[in-house]
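Take the given structure of chain L and dock chains H, G and F with the ligands to it, following the hints.
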Amino acid sequence: MSDDLYDDYILDHYESPYHRGHLEQPTIAHEDDNPLCGDRVHLELLVDEHDRIKEAWFDGHGCAISQASASILMKDIEGKTLDELRDFQAKQMLDLLKVRLTAARQKCGLLSFKVLKTMVYTLDERKGAMSPTQGGRG
Amino acid sequence: MSDDLYDDYILDHYESPYHRGHLEQPTIAHEDDNPLCGDRVHLELLVDEHDRIKEAWFDGHGCAISQASASILMKDIEGKTLDELRDFQAKQMLDLLKVRLTAARQKCGLLSFKVLKTMVYTLDERKGAMSPTQGGRG
Amino acid sequence: MSNAGLDSAYDVAAVRQDFPILDKPLPGGMPLVYLDNGATVQKPRSVIEKLVECYENYNANVHRGIHSLGDQVTTELEAAREKVRALLGADEVEEILFTSGTTMSINLVANAWGRKFLRAGDELLLNEMEHHANLVPWQQIAHERGAKLRFIPLTADGRLDLTALDDVLTDRTKLVAVTAMSNVLGTINPIGEIAARAHARGALVLVDAAQSVPHGLVNVNDPRVDFFAFSGHKVYGPTGIGVLYGRRKILEAMDPFLCGGNMIRRVRKESSDFAELPSKFEAGTIPIAQAIGLGAAIDYVQGLGFEAIAAHEHQLTARAFDQLQQIPGLQIVGPGLAHRGSIVSFTVEGVHPHDMAELLDRKGVAVRAGHHCTMPLHEWLGVTATTRASFALYNTHAEIDALCEAIQYARQVFRRK
Amino acid sequence: MSNAGLDSAYDVAAVRQDFPILDKPLPGGMPLVYLDNGATVQKPRSVIEKLVECYENYNANVHRGIHSLGDQVTTELEAAREKVRALLGADEVEEILFTSGTTMSINLVANAWGRKFLRAGDELLLNEMEHHANLVPWQQIAHERGAKLRFIPLTADGRLDLTALDDVLTDRTKLVAVTAMSNVLGTINPIGEIAARAHARGALVLVDAAQSVPHGLVNVNDPRVDFFAFSGHKVYGPTGIGVLYGRRKILEAMDPFLCGGNMIRRVRKESSDFAELPSKFEAGTIPIAQAIGLGAAIDYVQGLGFEAIAAHEHQLTARAFDQLQQIPGLQIVGPGLAHRGSIVSFTVEGVHPHDMAELLDRKGVAVRAGHHCTMPLHEWLGVTATTRASFALYNTHAEIDALCEAIQYARQVFRRK
Ligand SMILES: Cc1ncc(COP(=O)(O)O)c(C=O)c1O
Ligand SMILES: Cc1ncc(COP(=O)(O)O)c(C=O)c1O
Numbered sequence: 001m002s003d004d005l006y007d008d009y010i011l012d013h014y015e016s017p018y019h020r021g022h023l024e025q026p027t028i029a030h031e032d033d034n035p036l037c038g039d040r041v042h043l044e045l046l047v048d049e050h051d052r053i054k055e056a057w058f059d060g061h062g063c064a065i066s067q068a069s070a071s072i073l074m075k076d077i078e079g080k081t082l083d084e085l086r087d088f089q090a091k092q093m094l095d096l097l098k099v100r101l102t103a104a105r106q107k108c109g110l111l112s113f114k115v116l117k118t119m120v121y122t123l124d125e126r127k128g129a130m131s132p133t134q135g136g137r138g
Numbered sequence: 001m002s003d004d005l006y007d008d009y010i011l012d013h014y015e016s017p018y019h020r021g022h023l024e025q026p027t028i029a030h031e032d033d034n035p036l037c038g039d040r041v042h043l044e045l046l047v048d049e050h051d052r053i054k055e056a057w058f059d060g061h062g063c064a065i066s067q068a069s070a071s072i073l074m075k076d077i078e079g080k081t082l083d084e085l086r087d088f089q090a091k092q093m094l095d096l097l098k099v100r101l102t103a104a105r106q107k108c109g110l111l112s113f114k115v116l117k118t119m120v121y122t123l124d125e126r127k128g129a130m131s132p133t134q135g136g137r138g
Numbered sequence: 001m002s003n004a005g006l007d008s009a010y011d012v013a014a015v016r017q018d019f020p021i022l023d024k025p026l027p028g029g030m031p032l033v034y035l036d037n038g039a040t041v042q043k044p045r046s047v048i049e050k051l052v053e054c055y056e057n058y059n060a061n062v063h064r065g066i067h068s069l070g071d072q073v074t075t076e077l078e079a080a081r082e083k084v085r086a087l088l089g090a091d092e093v094e095e096i097l098f099t100s101g102t103t104m105s106i107n108l109v110a111n112a113w114g115r116k117f118l119r120a121g122d123e124l125l126l127n128e129m130e131h132h133a134n135l136v137p138w139q140q141i142a143h144e145r146g147a148k149l150r151f152i153p154l155t156a157d158g159r160l161d162l163t164a165l166d167d168v169l170t171d172r173t174k175l176v177a178v179t180a181m182s183n184v185l186g187t188i189n190p191i192g193e194i195a196a197r198a199h200a201r202g203a204l205v206l207v208d209a210a211q212s213v214p215h216g217l218v219n220v221n222d223p224r225v226d227f228f229a230f231s232g233h234k235v236y237g238p239t240g241i242g243v244l245y246g247r248r249k250i251l252e253a254m255d256p257f258l259c260g261g262n263m264i265r266r267v268r269k270e271s272s273d274f275a276e277l278p279s280k281f282e283a284g285t286i287p288i289a290q291a292i293g294l295g296a297a298i299d300y301v302q303g304l305g306f307e308a309i310a311a312h313e314h315q316l317t318a319r320a321f322d323q324l325q326q327i328p329g330l331q332i333v334g335p336g337l338a339h340r341g342s343i344v345s346f347t348v349e350g351v352h353p354h355d356m357a358e359l360l361d362r363k364g365v366a367v368r369a370g371h372h373c374t375m376p377l378h379e380w381l382g383v384t385a386t387t388r389a390s391f392a393l394y395n396t397h398a399e400i401d402a403l404c405e406a407i408q409y410a411r412q413v414f415r416r417k
Numbered sequence: 001m002s003n004a005g006l007d008s009a010y011d012v013a014a015v016r017q018d019f020p021i022l023d024k025p026l027p028g029g030m031p032l033v034y035l036d037n038g039a040t041v042q043k044p045r046s047v048i049e050k051l052v053e054c055y056e057n058y059n060a061n062v063h064r065g066i067h068s069l070g071d072q073v074t075t076e077l078e079a080a081r082e083k084v085r086a087l088l089g090a091d092e093v094e095e096i097l098f099t100s101g102t103t104m105s106i107n108l109v110a111n112a113w114g115r116k117f118l119r120a121g122d123e124l125l126l127n128e129m130e131h132h133a134n135l136v137p138w139q140q141i142a143h144e145r146g147a148k149l150r151f152i153p154l155t156a157d158g159r160l161d162l163t164a165l166d167d168v169l170t171d172r173t174k175l176v177a178v179t180a181m182s183n184v185l186g187t188i189n190p191i192g193e194i195a196a197r198a199h200a201r202g203a204l205v206l207v208d209a210a211q212s213v214p215h216g217l218v219n220v221n222d223p224r225v226d227f228f229a230f231s232g233h234k235v236y237g238p239t240g241i242g243v244l245y246g247r248r249k250i251l252e253a254m255d256p257f258l259c260g261g262n263m264i265r266r267v268r269k270e271s272s273d274f275a276e277l278p279s280k281f282e283a284g285t286i287p288i289a290q291a292i293g294l295g296a297a298i299d300y301v302q303g304l305g306f307e308a309i310a311a312h313e314h315q316l317t318a319r320a321f322d323q324l325q326q327i328p329g330l331q332i333v334g335p336g337l338a339h340r341g342s343i344v345s346f347t348v349e350g351v352h353p354h355d356m357a358e359l360l361d362r363k364g365v366a367v368r369a370g371h372h373c374t375m376p377l378h379e380w381l382g383v384t385a386t387t388r389a390s391f392a393l394y395n396t397h398a399e400i401d402a403l404c405e406a407i408q409y410a411r412q413v414f415r416r417k
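Chains as they are written, first to last, in my numbering: chain L, 1 to 138; chain H, 1 to 138; chain G, 1 to 417; chain F, 1 to 417.
So here's chain L without its partners, still in its complex pose (with noise of 0.2 Å):
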């Protein structure tokens, strides 16, 4: 773990996005942004019938650590399934940015990954599946 948050790793996915842009035809498409700072991250993923994530794609606008980590998220998750994906948590997608975050950073390098969740959840409820429930007794 790099205390360099500017290192060559972030700089060459800010740079040099994997997948910035957008499908045909994707399965599901959402985004979101964090009004504090107006990064925005828009995710677009293709499953296949297996619930393996064929493809991924981003685009948005906002920081070097939201962008390149848009860009990390979509780089890793590929060949994933969504199972996979529903157990994926915030500090396993920190750890993938190789870099430590302070408080107020964590929001720019997990806005992908919150999308992210959102879409895994959407896919859920479509096919009425449970979805997990969120804290609380409810």
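Simulated DEER-style distance windows between Cβ atoms:
1. R20/H - G305/F: 52 to 60 Å
2. I28/H - D157/G: 40 to 48 Å
3. Q302/F - K80/H: 41 to 49 Å
4. Q408/G - D95/H: 31 to 39 Å
5. D8/L - T155/F: 39 to 47 Å
The calculated lysine-lysine pairs, modelled on DSSO-like cross-linking and capped at a C-alpha distance of 27 Å, are:
6. K269/G - K116/F
7. K363/G - K98/H
8. K249/F - K117/H
9. K91/H - K249/F
10. K91/H - K80/H
11. K249/G - K117/L
12. K54/L - K91/L
13. K249/G - K114/L
14. K107/H - K269/F
Computed from the model, here is a short list of chain G residues facing chain L with C-beta under 8 Å:
15. I66
16. G70
17. D71
18. T74
19. T75
20. R265
21. R266
Hints listed in this document are in silico derivations from the structure and should not be mistaken for laboratory results.
Just so it is clear, the structure is predicted and the values come from calculations on it, not from any experiment.
We put the beta carbon where it would ideally sit given N, CA and C, even for glycine.
Same frame as chain L, but now just chains H, G and F with the ligands:
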């Protein structure tokens, strides 16, 4: 000025008040309380044709300071004119008590003074006299 | 006679060393016997030092700055929030809102919940022992919304009369607001039974825990309640900070109360969307250093242990209860020891409470006199004011004795003839 | 190159010794260059010591205890209130209300004045440079009351366009809410002219003085305004305390906002009468130690003198303005120096403000990045975020240079290829 609130002067007035009771036909009567502590003071004045206090009586209940100060005030103002009472300041009232009151107890010590002031204003208004403006620019 | 600390689970003499003020003589030179703990308690050195640490090492605004100080202070603040969560046994840290005090916490609920959810004909269930902070906000919102206030009657000894609860708790009751511990009578209320019966009727339960938290009556899930409010300054923390616990689903359904920075998600010229919990209810710059100081206060009391604190305070209360009753003309208000926390309020024949407090002060004994922000209760008691002695973890048996001696002195002043 | 203090009315190097935090290296070992003063400023030793003094010597609740500590703390609190009155040039000390901050002060007016006096069709006059604290509360109450928001247009360089004022200031305008100094553009607004024209139309004027008070723009009678709000933590005082000044007649006509102890005169079971000013608006235990600490902060800035502070800050701002403009791709937002207080916000081509702030932090330079709680302003600017450097009385010319060097470093990081 005494440091002892409960010197004989105060306690004498508390236990053997001056003019505790009521007038047959007061020129004016008014009462007020200090809700914070439940002290209550009722004053009655008999004012002669020269705007001079002929008689002053009080009633009420509460702590020794509130009741003794009413008694002391009644004794002091008899014979004074309304003009003199109009000029009468809170500081002078506190001086009359001959003790140093903390901020919290000044409310007790000034309760009868407040009632008296209200009565003077009311008499002024009855006569259509100008009442002194209170602060601000109006 | 003094047996300070002898039979306590902690060494009271040592604990007193943690509180700088207890060591300092009063302006007149007398030692301070501080028995006005129900109003506010003294602060241990660790809390004062935490404030200094904060201002001297990581003073910055929270949640905003992308810089080292901002990161440190945010981490400290959120650690304090987690300490509060753990203290209350709340499920989630987002259910812990920082406010400026109990009064603000209750006003927040009365306004943000009441303005949205109260309808004409709805009822709020209160009682006459409530502090004004848990009464006047409900009067205002009930008036505005056309809702009605109802009151659980009190027993003759100053407890809630639960045998009459079903008369006043109806299907129209939307919320029961109740103090966990009376700040005058000392009564500890059976929150568990009240909450269970209120919930069975579909009513929410708000607990005013301003007096109970310092003594360890502090859990929001056992018994389960919906809102829970307390003040930092009464639990050994700084002034200017309070807590509102609210159950997530209810907080989410409510609109915000105060508006400004931090509580928004997106602001347009004409309208705005609101942020997630807890920010939604924390508009503007919150009392940052004070929240962090409250965290240190929680560490302090948990270091001693609530059980030990409560045991010690119970001994003090028992001693006071016993000795005070032997003073002629002295009348204690409220229930017996079994139902009472560490507060004893009383009247003494022939000595007005104000004079009493003043005369006790002359002996260095600080108590409070007045209606203690409970006018309806004093009306119910039939007196305009009482004198209140309230005990904290650092008080000693010798101080109880000093209280009783000072009361005797006050009686003598008024019987000089 | 450094000429810290050389041409200042006070010795900046000496003044920096008053601020313990400025002497402490950051966790990484670098010296702190604190340029996030618009968010919150650092505290002088005298303020921190005043807090300690309060907690260690006369910690008690105010206005309540008839005992020596209670008397001392009440005296200290009221002395602080008088200091605020004198600072603001207010007529009466009862017009000074202690709140928990600017946000709370403005919410108090929006609720307590707005709910009572706003009618359907009434108008509130705002503008797009307002902080969310002076915008969102008005949105909410306008929505509730059926009132309408109108906006004074901005000039291209980020000032209020007063040539258009008569288009938006009408006989329906009930209140003009305006910041004395923008927290992003740095713009100092002509409050005198706005207030005069608003008063001529019968509208009230509320001034958000959160940013202007630390720089000495602080009087409520010259020019004459009706409400005036600021925060302690931005004027070298503690967090958790704010002030609302309100003209007596208006405050008296308003209903209370928060309800609870202290703000009542008499409480019955079903209804209550309210206390006189300022208690009417100070429900519950107010931030006592913080108000007293604010008094010490006022003493501190008045000791240096606002004129000297403003002169020093103006030099810093001029230097920053000058040097920043020489950095390629750097764009300053807001007006020229003549209309600007000590805030400079900017964008740098190719470096997002968040990355900029993070990279500046790496050089020990603390600035803020984001929308600074002014989303409508950033929409108007056409950017989602800016980087803001804001200067206080203790900043040095060398720190301006450090800022510029750090910006150059950030630009290099993003142009490594
Ligand atoms: C112009 C302006 N108004 C209001 C506020 C809000 O102040 P606070 O967060 O202290 O309530 C701020 C500070 O953030 C500000 O800069
Ligand atoms: C039972 C109770 N509720 C509420 C309060 C109000 O607390 P605060 O003044 O800290 O807001 C108090 C303390 O005065 C109290 O004793």
